[in-house]
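Visitor: Sequence:
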Amino acid sequence: MKVVSLNRELPEAKRKKDLLDVVDSFRKRIEDGEVAEFVIASLDPNDGEVVITACCKDFVSATGIFEIGKNILFQTNNEFE
731 MKVVSLNREL PEAKRKKDLL DVVDSFRKRI EDGEVAEFVI ASLDPNDGEV VITACCKDFV
791 SATGIFEIGK NILFQTNNEF E
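The opening position of the sequence shown corresponds to residue 731 in my numbering, with each subsequent residue numbered one higher.
To be clear, the hints were calculated from the coordinates, so they are not data collected in a lab. Some hints here could point you the wrong way.
Simulated DEER-style distance windows between Cβ atoms [what the hints assert, rightly or not]:
id: 1; residue 1: R745; residue 2: D788; range: 20 to 26 Å
id: 2; residue 1: K787; residue 2: K747; range: 31 to 37 Å
id: 3; residue 1: E742; residue 2: A766; range: 29 to 35 Å
id: 4; residue 1: R745; residue 2: F789; range: 20 to 26 Å
id: 5; residue 1: V752; residue 2: G778; range: 16 to 22 Å
id: 6; residue 1: G778; residue 2: R757; range: 34 to 40 Å
id: 7; residue 1: K758; residue 2: C786; range: 16 to 22 Å
id: 8; residue 1: T793; residue 2: L750; range: 27 to 33 Å
id: 9; residue 1: T806; residue 2: K747; range: 19 to 25 Å
id: 10; residue 1: N776; residue 2: I798; range: 28 to 34 Å
For every residue, glycine included, the Cβ atom is placed at its ideal position computed from N, Cα and C.
I would like the entire structure built from these sequences, with the hints used as guidance.
Guide: The structure is reproduced here in structure tokens:
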């Protein structure tokens, strides 16, 4: 008899749904004109490589937005789930 546990699959599916919800929300903010420039940092779960994606007018803007985001993250007292 083969037993399959969904315990690992459910949290992974929820995490993927959460990621896509954030992307969908961000897309709506862009469409509504609430976002003019952005910088996104992402992590590859397989090799741990960090990728920084920027859509900014220039390098200075990209660096500034990244640094502001980093400082907000460091100053936040909320714990991540």
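Visitor: Starting from the range 34 to 40 Å, see whether the pair G778 and R757 falls in it by beta-carbon distance.
Guide: Violated - the Cβ-Cβ distance for G778 and R757, about 27 Å, lies outside 34 to 40 Å.
Visitor: A range of 20 to 26 Å was offered for this pair. Does it hold for the Cβ distance of R745 and F789?
Guide: Since the Cβ atoms of R745 and F789 sit about 32 Å apart, the hinted range of 20 to 26 Å is violated.
Visitor: 27 to 33 Å was suggested as the range; check whether the CB atoms of T793 and L750 agree with it.
Guide: Roughly 28 Å apart at Cβ, these two residues keep to the hinted range, so it holds.
Visitor: Within 19 to 25 Å or not, the Cβ separation of T806 and K747?
Guide: holds (23 Å)
Visitor: Just tell me: holds or violated, for the beta carbon distance of N776 and I798 against 28 to 34 Å?
Guide: For I798 against N776, whose Cβ atoms are near 29 Å apart, the range 28 to 34 Å holds.
Visitor: For K787 and K747, compare the CB-CB distance with the range 31 to 37 Å and indicate the outcome.
Guide: Given a distance of about 33 Å, which is inside 31 to 37 Å, the answer is holds.
Visitor: Holds or violated: the 16 to 22 Å window for the beta-carbon distance between K758 and C786?
Guide: Between K758 and C786, where Cβ atoms are some 20 Å apart, the hint holds.
Visitor: Okay, R745 versus D788 on CB: inside 20 to 26 Å?
Guide: violated (34 Å)
Visitor: Does the Cβ distance between V752 and G778 fall inside 16 to 22 Å?
Guide: Cβ of V752 to Cβ of G778: about 21 Å, so the range 16 to 22 Å holds.
Visitor: Taking the beta carbons of E742 and A766, is their distance inside 29 to 35 Å?
Guide: At roughly 34 Å between Cβ atoms, A766 and E742 fall inside 29 to 35 Å, so the hint holds.
In this structure, the hints that do not hold are numbers 1, 4 and 6, in rising order.
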